[in-house]
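Asker: One letter stands for each residue in the lines below.
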Amino acid sequence: MSQRSRLNLIVVQVLVLSLMLAMLGRLFYLQVAAGLKYQNAALSIQSRDIVTPPVRGAIVDDTGKPMAMDRPGMVITVDRSALGKMPDKGKAVLVRVAKLIGIKYSDLYTRTRLCGELPLGKRTGCWNGTLYQPVPVTKEATVAQALKILENSDIYPGISASPVPIRNYPSLAGENAAHVLGYVGSVTALDVANTNKQYYQNEVVGKTGLEFQYDQYLQGTPGVKTVIVDRTENVTSTSTITNPVPGNNLVTNINATLQAATEKALASSVLSARAQGNKADSGAAIVMDVHTGRILAMASYPTYDPNIWQKGLTTAQAQALFSDSDGVPALSRAIDGTYAPASAFKALSVVAASHAGYNLNANYYCPYSIKFGNQTFHNDDTNSQGTMSLQTAIAVSCDTIWYQIGYDQWVKDGGLTPKKNPNDFFFKNAALFGVGKPTGIDLPSEASGRLPDRAWKLAYYKANKNFYCNYATRAKPSDLTPFLIAIAKEDCTDGYIVRAGDAINFAIGQGDVLLTPLQMTDIYAAVANGGKLYRPEVARAVVKSDGTVVQNFLPHVNGKIPASASTLDFLHGALRAVAMTGTAAGVFGNYPIPVSGKTGTGQVQGRNANGTAKDPTSWFASYAPSNKPEYAVVMMVSQGGYGASTSAVGVREIYNALFGVKGNTVDPKKAIFPTGAPPTALPTIDLQNVAVKKP
Amino acid sequence: MTTFRPNTRSHRFMRNVSGYDRWLTFSVLALLAFGTVLVYAATKNWFATQHLDPQYYLKRHIINIVIGLVLAYGTTLIDYRLLRAYTPIVWGLGVLGLMAVLVPGVGSTVNGAKAWIALPGGFQIQPAELAKISIILGISMLLAERNGVGADPTDKDVLRALSISAVPILLIMLQPDLGTTLIISAAIVIMVAVSGAPTRWVAGLLLLALLGGFVAVKAGVVSQYQIKRLQSFVDPNADPQQSGYQLRQARITIGSGGVLGRGLFEGPQTNGRFVPEQQTDFIFTVAGEETGFLGSGLMLLLFGLFFWRAFLIAQRTNDLFGRLVCVGVIAWFAFQTFENIGMAMGLMPMTGVPLPFISYGGSSMFATLVGFGLLQNVHLRSR
Chain V
28 MSQRSRLNLI VVQVLVLSLM LAMLGRLFYL QVAAGLKYQN AALSIQSRDI
78 VTPPVRGAIV DDTGKPMAMD RPGMVITVDR SALGKMPDKG KAVLVRVAKL
128 IGIKYSDLYT RTRLCGELPL GKRTGCWNGT LYQPVPVTKE ATVAQALKIL
178 ENSDIYPGIS ASPVPIRNYP SLAGENAAHV LGYVGSVTAL DVANTNKQYY
228 QNEVVGKTGL EFQYDQYLQG TPGVKTVIVD RTENVTSTST ITNPVPGNNL
278 VTNINATLQA ATEKALASSV LSARAQGNKA DSGAAIVMDV HTGRILAMAS
328 YPTYDPNIWQ KGLTTAQAQA LFSDSDGVPA LSRAIDGTYA PASAFKALSV
378 VAASHAGYNL NANYYCPYSI KFGNQTFHND DTNSQGTMSL QTAIAVSCDT
428 IWYQIGYDQW VKDGGLTPKK NPNDFFFKNA ALFGVGKPTG IDLPSEASGR
478 LPDRAWKLAY YKANKNFYCN YATRAKPSDL TPFLIAIAKE DCTDGYIVRA
528 GDAINFAIGQ GDVLLTPLQM TDIYAAVANG GKLYRPEVAR AVVKSDGTVV
578 QNFLPHVNGK IPASASTLDF LHGALRAVAM TGTAAGVFGN YPIPVSGKTG
628 TGQVQGRNAN GTAKDPTSWF ASYAPSNKPE YAVVMMVSQG GYGASTSAVG
678 VREIYNALFG VKGNTVDPKK AIFPTGAPPT ALPTIDLQNV AVKKP
Chain Y
12 MTTFRPNTRS HRFMRNVSGY DRWLTFSVLA LLAFGTVLVY AATKNWFATQ
62 HLDPQYYLKR HIINIVIGLV LAYGTTLIDY RLLRAYTPIV WGLGVLGLMA
112 VLVPGVGSTV NGAKAWIALP GGFQIQPAEL AKISIILGIS MLLAERNGVG
162 ADPTDKDVLR ALSISAVPIL LIMLQPDLGT TLIISAAIVI MVAVSGAPTR
212 WVAGLLLLAL LGGFVAVKAG VVSQYQIKRL QSFVDPNADP QQSGYQLRQA
262 RITIGSGGVL GRGLFEGPQT NGRFVPEQQT DFIFTVAGEE TGFLGSGLML
312 LLFGLFFWRA FLIAQRTNDL FGRLVCVGVI AWFAFQTFEN IGMAMGLMPM
362 TGVPLPFISY GGSSMFATLV GFGLLQNVHL RSR
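As given, the protein sequences belong to chains V and Y, one line each in that order.
Position in the first sequence counted from 1, then plus 27, gives you this note's numbering.
Position in the second sequence counted from 1, then plus 11, gives you this note's numbering.
In case anyone wonders, no lab produced these hints; they're calculated from the structure.
Computed from a predicted model, the values in this text were never measured in an experiment.
Treat the hints with caution; some may be incorrect.
Unchecked claim - Once the Cα atoms are required to be at most 30 Å apart in a straight line, the calculated DSS-like pairs of lysine-lysine come out as:
#	chain 1	residue 1	chain 2	residue 2
1	V	Lys64	Y	Lys55
2	Y	Lys55	V	Lys252
3	V	Lys252	V	Lys291
4	V	Lys439	V	Lys503
Hey, can you work out the whole structure from these sequences and the hints?
Answerer: Encoded structure:
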């Protein structure tokens with residue numbers, strides 16, 4: 028045999044050796060060097076987490092009555108990835124499911140679509156999770172419906188049913204409290220991105236209200252069973268099990284019975300305002316403990332049934348929640364609506380005037396109207412009343428006195444050419460009352476209102492300068508009246524200047540100043556309690572299911588209103604006079620409980636959608652009993668007409684419930700708080716045998 | 012009194028077997044045992060969950076091994092040099108079998124390739140496995156012809172050898188079975204090189220292989236599914252649900268075994284059947300997951316031992332025919348092992364070839380054990 032043959036044989040041996048070494052090296056890399064990485068990869072292929080949702084903590088009122096709690100339900104889910112593999116994209120299956128659970132196919136279709144999959148404007152009710160998690164379409168399925176699905180998986184491919192705790196708002200005292208309690212929903216990608224917490228698919232989280240605010244306490248920890256599956260997703264073994272930990276209960280300061288009465292009073296005020304010919308599109312009413320800032324009741328009109336979320340929202344329901352024609356029921360007017368405070372603002376003006384050096388006990392001239400430059404400002408519906416004390420001026424709500432004071436102070440501060448360091452008594456005083464700042468209530472998305480001081484004017488001017496300077500081209504044709512064009516021209520050149528009209532309007536709570544009903548309540552509570560501005564609080568404590576207190580929420584003082592003792596004394600007298608002999612005397616003149624308060628009838632610029640002028644905002648801000656104040660009660664009805672005839676009447680209904688008043692007699696036993704004040708001790712919570720409320 | 016009379020049959024058996032290369036025999040028996048356990052591990056759980064006999068594959072595998080060992084023994088009985096006379100018959104049978112699979116109704120399609128002939132009783136044979144032997148024998152015969160007169164093969168010899176192997180190769184390509192084609196082609200190049208033929212042939216053949224591959228892909232000779240498999244080798248995400256998915260799963264399964272493995276019958280990837288064809292083409296993943304680096308490394312060492320002993324036999328024989336048969340068998344086994352294990356580990360593209368001595372499958376088992384028998388035969392006759 029030739030040398031070449033031997034040589035080539037050696038080459039072949041080297042070749043085979045190198046193949047063997049290559050395999051050994053690769054094996055070493057896969058199993059030893061990168062073994063851990065592949066072990067993790069294998070684990071994620073084989074293991075599935077089966078999440079048992081925990082029972083969410085209940086939200087109870089101050090007596091321990093549940094206002095929100097979990098109850099057993101049945102969820103039906105749709106696996107979009109399974110449907111996607113069908114030739115008709117699962118339409119036939121969805122039609123069957125819709126028929127089974129008794130909803131329209133189009134609603135079911137929307138519920139199973141990602142929001143991004145639907146055209147803008149058709150997204151209400153869409154699924155805001157991901158395609159890779161089973162999409163829950165209802166949690167209110169019956170056992171029979173669930174069994175039908177589970178036993179006929181051949182005609183319901185990709186559809187699943189399983190027991191799940193569902194949120195219920197049992198309304199035991201007839202309360203609704205939708206805006207306070209909020210609602211829950213499946214966790215979304217956005218929720219996950221906003222926290223560091225690890226969420227599982229379809230975990231339920233609070234979306235708004237207390238459910239959102241105290242989610243971390245209410246939520247509990249899901250139970251997780253990790254199973255090992257094979258390629259066909261059959262479970263072959265179980266690796267770990269952690270049991271679910273129920274969420275803690277939240278005790279609130281809300282009294283469910285008072286809440287129900289407040290809601291009823293608000294609704295009847297809205298309806299009576301409508302009967303009087305006002306539009307009365309919405310409203311809010313709040314009851315606060317003046318000594319602590321605790322919220323005892325808070326209502327917003329219109330409202331909605333918080334239980335509708337659990338059944339799965341229909342498109343119509345979802346649209347109604349945010350539709351203008353239905354009054355945007357989802358919006359909480361109490362904390363998120365801002366309105367001109369009108370005459371209810373005069374409590375603040377009194378304090379500002381005292382700082383400016385006005386004698387609160389002197390007499391002032393109250394003409395029917397006053398002319399400043401070429402503009403005339405007049406009282407609402409009253410003839411000249413001559414000279415009167417300031418207390419009477421508050422009681423009968425004379426505006427012209429305040430126009431004069433506001434104008435005089437504006438002139439002193441330099442008028443159109445302001446001084447370097449103007450006194451700005453009215454602006455600075457309002458800021459100390461918290462105007463323009465959120466109160467910090469423990470509810471999400473609180474509005475801050477608006478303090479239209481010099482800084483705000485300047486910022487607003489900068490933001491809108493372009494519009495005013497190009498008014499002719501940018502404004503709606505209907506707004507091109509000679510008057511508005513003239514104003515726009517003025518605003519274009521020096522819109523940042525605080526004008527006489529601004530100062531005059533501000534003194535009576537008109538013009539650009541805006542308050543939320545909650546801010547108004549907080550201010551009147553401060554006047555009642557001697558000056559402390561509390562941070563309003565809905566939650567009282569977090570309590571474990573065994574009764575152990577996890578956390579107590581103690582009252583917190585945000586600040587003090589800048590009123591001296593004598594100014595407060597004057598205010599107390601003036602506000603009492605309003606109810607005794609003034610604008611609210613018709614409502615509270617003979618009331619068995621002494622009530623102090625102020626009416627407000629706020630003029631609103633702009634027009635309704637149908638072109639009619641807007642009706643005024645009706646306010647009544649009050650506290651009682653006047654001699655020893657316990658509660659601040661405020662009602663506001665947007666486009667509700669006069670403060671006295673609409674809101675003061677509603678507030679009286681709330682006091683009726685609070686104090687147990689019937690006609691002209693008081694039955695303390697019928698009072699919401701028989702001891703005369705809200706309870707100080709935490710209630711015991713009983714969640715057994717609570718009847719379920721169906722939407 | 013009975014007189015002791017040796018049974019001539021068992022006497023001959025003992026004489027024969029005792030002349031075997033022991034290390035070679037040891038390595039093959041160890042690999043067969045290893046493979047038996049793996050085939051069982053790959054199928055036990057799966058069949059049990061389907062309420063079928065968990066030992067179904069185990070039993071059949073053992074039968075295959077027994078038949079294969081008998082064939083191997085039979086192969087060693089006749090002096091391999093006499094086999095030369097039968098080579099044309101073996102070659103003819105191989106080609107006939109390969110043609111049969113292409114006849115509709117006779118050949119059955121598995122995984123896109125017409126590679127099988129279905130026999131009555133649920134049995135199937137894969138003619139390509141047996142064709143490997145006939146090609147090796149045929150080429151060895153033609154290339155060694157001139158060795159009797161002490162001369163290297165001439166161009167003409169090489170040409171003849173190539174042309175008789177071209178027929179079965181073309182038939183295998185028509186199935187199409189890319190893996191077997193590549194393995195046989197590589198073995199042929201190795202055999203030509205070791206035969207002492209002019210070097211230009213080796214260089215030319217390598218060049219031809221490159222060119223052929225290029226043209227095959229361009230001209231669409233290679234089917235769509237083969238291109239897909241090759242693409243998913245380059246980019247495992249190209250076809251995530253199909254071949255790319257399988258390659259990724261295979262790699263994860265092996266890697267997750269770690270150093271010590273998850274334990275026999277305990278591999279969750281194996282028991283979950285995340286890797287396809289676990290008892291045949293992807294059997295190495297079972298070794299990787301359940302026996303870890305220690306077990307699958309040991310398997311590689313056993314293969315190493317086998318090749319070392321086989322090379323010794325090839326080196327020691329003075330007969331070129333014997334040497335070429337050895338080298339052919341070695342190259343066949345080596346490339347097939349590398350292709351099979353390399354595919355499972357992501358070193359090679361996906362082609363369905365069994366792992367010698369380990370994978371389940373009758374035809375392959377018989378052919379490999381006959382190959383082993385040929386090596387022992389050469390060993391027996393070169394002492």
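Asker: For each hint, tell me whether it holds in the structure or not.
Answerer: Hints, one by one, checked against the model:
Between V:Lys64 and Y:Lys55 the CA atoms are separated by roughly 28 Å; this keeps the pair inside 30 Å, and the hint holds. Pair hint Y:Lys55 plus V:Lys252 holds up; C-alpha atoms about 27 Å apart against a cutoff of 30 Å. The straight-line distance between the Cα atoms of V:Lys252 and V:Lys291 is roughly 47 Å, outside the 30 Å bound, and the hint therefore fails. For the suggested pair V:Lys439 and V:Lys503, the alpha carbons sit about 38 Å apart, so the restraint of at most 30 Å is broken.
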